[in-house]
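Let the sequences and hints guide you as you build the complete structure.
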Amino acid sequence: DQQVKQNSPSLSVQEGRISILNCDYTNSMFDYFLWYKKYPAEGPTFLISISSIKDKNEDGRFTVFLNKSAKHLSLHIVPSQPGDSAVYFCAAKAFNSGNTPLVFGKGTRLSVIA
Amino acid sequence: DAGVIQSPRHEVTEMGQEVTLRCKPISGHDYLFWYRQTMMRGLELLIYFNNNVPIDDSGMPEDRFSAKMPNASFSTLKIQPSEPRDSAVYFCASSLAHRVYEQYFGPGTRLTVT
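So the sequence lines, in the order shown, correspond to chains A and C. In this text, residue positions in the first sequence follow our numbering: the first is 1, and each later residue adds one. In this text, residue positions in the second sequence follow our numbering: the first is 1, and each later residue adds one.
Just so you know, the hints here were simulated from the structure itself, not pulled from any lab data. Fair warning: there could be bad hints in the mix.
Part of the chain C face toward chain A, derived, beta carbon under 10 Å [as the list claims (entries may be wrong)]:
hint, residue
1, M15
2, E44
3, T76
Below 35 Å or equal to it, Euclidean Cα-Cα: the simulated DSBU-like pairs (lysine-lysine) are [stated by the list, open to error]:
hint, chain 1, residue 1, chain 2, residue 2
4, A, K68, C, K68
5, A, K5, C, K68
6, A, K37, C, K24
7, C, K78, A, K68
8, A, K37, C, K78
9, A, K71, A, K54
10, A, K37, A, K71
Where a beta carbon is used, it is the ideal one built from N, C-alpha and C, also for glycine.
Pasting the structure below:
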């Protein structure tokens with residue numbers, strides 16, 4: 001059973017517009033969430049994270065929103081650029097799990113069209 | 001720093017053959033992870049090490065898979081015998097102990113078993 005779900009396998013957005021990537025989770029013990037970005041033929045790279053004590057974290061064009069009651073987080077990219085075209089993975093770790101590794105979603109492929 | 005290094009980048013082998021994937025983590029990192037990525041299952045954790053000691057191998061699919069970390073700068077993932085369903089991209093990642101959730105991934109090894 002998937003604890004981290006990315007229900008949209010793909011998303012296409014026009015350059016300059018907002019990209020919104022969604023992620024849902026089922027484990028209420030998750031306390032830290034991350035987004036990773038992956039280009040073809042490369043490994044995933046860390047993009048942005050958020051602690052469960054916050055509901056928003058912003059880094060340049062990237063903002064992650066967390067809605068704990070809905071067990072939902074989203075990544076907003078504004079404005080979207082062609083170089084943002086990649087697969088985005090949502091990941092989570094559980095509270096008080098020590099160094100238990102991350103649980104990843106299946107990813108969403110974002111295509112930004114020029 | 002060169003980042004996480006994996007070899008080979010591509011491996012094509014016949015069913016029944018032994019396959020060995022190699023990984024050199026980032027120097028100074030305490031944790032090393034092996035992941036497998038497939039279309040169906042996304043990014044799955046196979047096994048991880050802390051200070052060269054295997055901590056959790058519950059993600060290893062079956063006894064045909066084994067992993068070792070003889071020292072802090074080298075790890076191997078071996079599949080023997082290989083099967084067509086093992087075809088996937090295998091990633092190695094490493095991290096620091098105090099930021100274990102921010103993992104640095106290698107470029108991956110694309111394995112094709114015919």
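Interface hint compliance - M15/C to chain A, C-beta minimum distance less than 10 Å:
Hint violated; M15/C Cβ to chain A Cβ min 25 Å, cut 10 Å.
Hint consistency between K37/A and K78/C [alpha-carbon to alpha-carbon, up to 35 Å]:
holds, 27 Å
Between the alpha carbons of K5/A and K68/C, is the straight-line distance 35 Å or under?
holds, 31 Å
Should the hint that T76/C touches chain A count as held when the rule is a Cβ pair under 10 Å?
Cβ of T76/C sits 18 Å from chain A, so the hint is violated.
Has the given pair, K37/A with K71/A, been kept, meaning a C-alpha gap of at most 35 Å?
holds, 21 Å
Need the status of pair K68/A, K68/C: alpha-carbon distance at most 35 Å?
Violated. K68/A to K68/C sits at ~38 Å, over the 35 Å cutoff.
Minimum Cβ distance from E44/C to chain A below 10 Å?
With a minimum Cβ separation of about 8 Å from chain A (threshold 10 Å), the hint on E44/C holds.
Going straight from one Cα to the other, do K78/C and K68/A come out at no more than 35 Å?
violated, 40 Å
Holds or violated: K37/A and K24/C, Cα atoms, limit 35 Å.
holds, 21 Å
Given the hinted pair K71/A and K54/A, is their alpha-carbon gap at most 35 Å?
holds, 13 Å
Checked against the numbered hints listed earlier, the structure breaks hints 1, 3, 4, 7; every other hint is satisfied.
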